[in-house]
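Peer 1: Sequence:
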Amino acid sequence: MLFWFMLAVGYVAGQDRVCSGQPELGNTTNGVKPEIRYWFDSERMECFPFLYKGSCGNGNRYTTSGDCYSACMPLDYSSCGFGIENVGLCATFEQRECASKDAVCHMGAFFGFCCPKAAMDRANNPKCPNAKTVVKQADSTTWTLMGRKCSHQFCPSGSTCVDGEFYAYCCK
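My numbering puts the first residue of the sequence shown at 4, with every later residue one more than the last.
To be clear, the hints were calculated from the coordinates, so they are not data collected in a lab.
Do not take every clue at face value.
What the hints assert, rightly or not - Using 25 Å as the maximum straight-line C-alpha spacing, the simulated SDA-like pairs for lysine to any residue come out as follows:
no. : residue 1 : residue 2
1   : LYS152    : CYS83
2   : LYS152    : GLU100
3   : LYS120    : PRO159
4   : LYS152    : SER82
Computed from a prediction, not measured in an experiment: that's the story for all the values here.
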């Protein structure tokens with residue numbers, strides 16, 4: 004029994020190392036095409052895309068954002084997102100209102116956070132300069148393509164990257 008416990012503890016400790024650290028873009032290798040991969044930002048508790056060049060790098064690298072979240076995100080974690088600090092709690096599923104009208108309730112697994120409405124609106128609706136359009140990503144839903152930093156080279160060809168207030172995003 005002690006063996007299985009120690010094995011589990013070692014696995015969890017290993018996950019902490021894999022799910023932390025900045026992404027390493029790797030090295031260009033002949034015949035290997037660079038591809039978008041995802042890394043877990045343990046400070047923001049979010050997965051972000053980056054351009055992986057094909058060889059080397061570190062273990063904080065996942066093929067899809069879903070793989071990244073499955074490997075690294077605690078199931079009971081909740082926050083406002085985007086690195087935005089909450090301004091209180093909105094308690095339970097029955098009471099989903101915040102004391103301030105300037106906050107919106109963002110529910111987690113067991114309780115909710117009151118998140119500043121103005122900051123959440125700015126984070127969810129970034130503006131591109133020069134009347135360009137924000138690049139959207141579509142899978143089961145449509146969402147803004149965002150990364151942690153423009154230096155991670157995640158924007159598609161033909162678009163430009165903007166280091167915004169909360170994260171980097173692509174404009175076309």
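Peer 1: Could you run down the list of hints and mark each one as holding or not?
Peer 2: Here is how each hint holds up against the structure:
A distance of roughly 19 Å separates the Cα atoms of LYS152 and CYS83; the hinted pair therefore holds under the 25 Å criterion. Taken as a hint, the LYS152 and GLU100 pair is broken in the structure, with Cα atoms around 33 Å apart against an allowance of 25 Å. A distance of roughly 30 Å separates the Cα atoms of LYS120 and PRO159; the hinted pair therefore is violated under the 25 Å criterion. A distance of roughly 20 Å separates the Cα atoms of LYS152 and SER82; the hinted pair therefore holds under the 25 Å criterion.
The structure does not agree with the numbered hints 2, 3 stated previously, though it agrees with the rest.
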